[in-house]
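Produce the complete structure using the sequences and hints provided.
If you want the building blocks of each chain, they are given just below.
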Amino acid sequence: MASIQVSALHKRFDDFVAVNGSDFTVQHGEFFVLLGPSGCGKTTTLRMIAGLELPTSGTILLDGEDVTFERAGRRDIAFVFQMFALYPHMSTRNNIAFPLKCSGLSRSEIRKRVEETAQLLRIDHLLGKSVSGLAGGDRQRVALGRAIVRRPKAFLMDEPLGTLDTEFRDLMINELRALHDRIDATTVYVTHDQMEAMAMADRIAVMNQGMMEQLGPPQEVYDKPASVFVADFIGSPPMSFLKFHGELRPGDTSVQVNGAQVPIPEVREGFAADNFLLGVRPEHVRLDPASDLRGRVSGVEYLGTTQILTMNTPQGVVKARISSSEPVEIGDNVGLRFLSSRLSVFHESSGRAVRTALHDE
Amino acid sequence: MAEVTLKKVSKRFGRTTAISELDFTIRDGEFFVLLGPTGAGKTTTLRLIAGLEKPEEGTIIIAGQDATSDAPAQRDVSFVFQQYSLYPHLSVYENLAFPLRAPNRKMPAAEIAQRVERVAKMVRIDHKLQNRSTRLSGGEMQRVAIGRALIREPNIYLMDEPLSSLDAKLRVDLRLEIKRIQRDMGATILYVTHDAVEAMTLADRIGILREGQLVQQGSPREIYERPRNIYAALKLGQPAINLIPAELMPAEPKPPNTVTFGARTEHITISRGQNGKADGRVVLTEHLGNQSNLLIDLKGTQVLVLVPPESTLSTGDEVGLNLRHPLYFDREGERIQP
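Sequence lines, in order, name chains A and B.
Going by our numbering, the first residue of the first sequence is number 1, and it counts up by one from there.
Going by our numbering, the first residue of the second sequence is number 1, and it counts up by one from there.
Take these hints with a grain of salt, some might be off.
[Unchecked claim] With a Cα cut of at most 30 Å, we get these calculated DSBU-like pairs of lysine-lysine:
{"no.": "1", "chain 1": "A", "residue 1": "K243", "chain 2": "B", "residue 2": "K179"}
{"no.": "2", "chain 1": "A", "residue 1": "K243", "chain 2": "B", "residue 2": "K169"}
{"no.": "3", "chain 1": "A", "residue 1": "K224", "chain 2": "B", "residue 2": "K169"}
{"no.": "4", "chain 1": "A", "residue 1": "K243", "chain 2": "B", "residue 2": "K54"}
{"no.": "5", "chain 1": "A", "residue 1": "K243", "chain 2": "A", "residue 2": "K224"}
If you're looking for bench data, these hints aren't it; they were derived computationally from the structure.
Listed below in structure tokens is the structure:
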């Protein structure tokens, strides 16, 4: 397997800039996820790594070798699209063997590789069967088998689980990640689904309008979002934002939000008076009748163990995830308290996170 | 809006039985969600009510009338599909107005304008009425598609996974909006999905569908707290309910014939160190940001418990498990009332 190094990568379609200066290195053995909404440039980035698009400028190194303008067929990379594309009239064996047919390998070598691959995916008992009779999960495994049988240097996957239903998706998320580890692969995976990204990635690159907003392990991206965009894109429901105006000085440990004093992690940089956003994740909100920070409940969503409350406050909508044993109804006026050590602060006009004690660890 | 009842409705395609003796009522003004995996018969049920399929057996009653052999147009239902199917050459306004322009309706222009504006506000697309529908984002397109269904007041709205093609954030937003709109309008909706969270948050009542049969119907809380069987118990709730063989926790009180404990995370208390009754070991901790998952091995059965992120338990630690009002299941997987 291989490392992939992307430097100063740009792609322009006429006057539309799809990718605006991507820089990242995917380590050997890493599961790397490009995450963002449609149109953010994630698929274009992947297609340039695959050689299906040529960059406007920048370089792509595969295992240290410059492949920026190399043809796709010569890059030794497997591209996995939506997974169900199988040849319906062929057996499992022939579907998996297909990519090797033109490789010049001997028959016995092909046979050996197909069998190894099938064992890896635990579908060796299905080799003789026609794929049209297989259940959904097995079809998916056959499609994966076809991608890995060539033993490429890297896998590129473009929303491979996009059309699956939830239960099946959860299963495939676990299988894909386990497979990646078992064959010691290098994988670049594109998705708009933050749950997939959080569950599978070693590192996530969050993209927005052609730019990389943040790059880091899932927990870091979740706990310490670098921008409003990231905070708002990750989490279900995502982070809530409360507007406030004021000055920030290094050493501050609280801010004024609509007259209520809200403790925050100690501020590490200074700002003149301006508009800011206080960012709070739903699980860091508690109801407290004594709190000065008030909200009106406009939505209650029962989830079993927990419930999600939507509350309107003069500073913005706040979502809370609390135990469903707490009785709350639409229309209730409630007091809010936050877990102060986990709060984020953003500079509103730039959208970027203000450095605080949150970023110390 | 109206009540819709299915009485012993069955539908076969060749040798496959898609729907088998389906019996349920969607009450007037109710949000009813059919929850089931691909192939359970959800979409077939919608199509049967819409008149796009004919049942082999059974009766479909819409607004008190037997509609089983009525043509789709006579049934007065409104369908929202999974993929937003808008007219690309028309503006948002014209897409919304389209169902009102049917020749047999002869609606005056002023009334059309009034209805379009009301619905556009409801689905929050009123600022883009003059835009071409192709110039909208995915979420906006699906809002228009939902608005186009809502512009009429039919007997019932039928919605086939309308949020499944949207990204997670939009899904959460639109979920709340659909619920709000339904409440404001007092609409009767039959909504099908494979997403349990969607079902729980939207439904007044859920019907759990499995291989063409209704396993259970009830409010989300009823099914979550009192599932009829293991299948229904596994459907709702994240993480999934833990199924623990009763012999692994012999000290726990239980009704006779209990073979399996169904223990949701809120039914389990863990203490550090062994308790001599049900001793396990933490095999995996996973920090998910909002909570931590502890995977505990209890004599070969894996038990998943959510703990606050502050918890200091870690892999390898010995723990004792206790249950508090769990569910009890018999040999057949049916729940036993304690």
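For each hint, the structure was consulted:
1. A:K243 x B:K179: Judged against 30 Å, a Cα distance of about 27 Å means the pair holds.
2. A:K243 x B:K169: Status holds; Cα separation ~21 Å.
3. A:K224 x B:K169: 19 Å, holds
4. A:K243 x B:K54: Status violated; Cα separation ~55 Å.
5. A:K243 x A:K224: 19 Å, holds
Of the hints listed earlier, the one the structure fails to meet is number 4.
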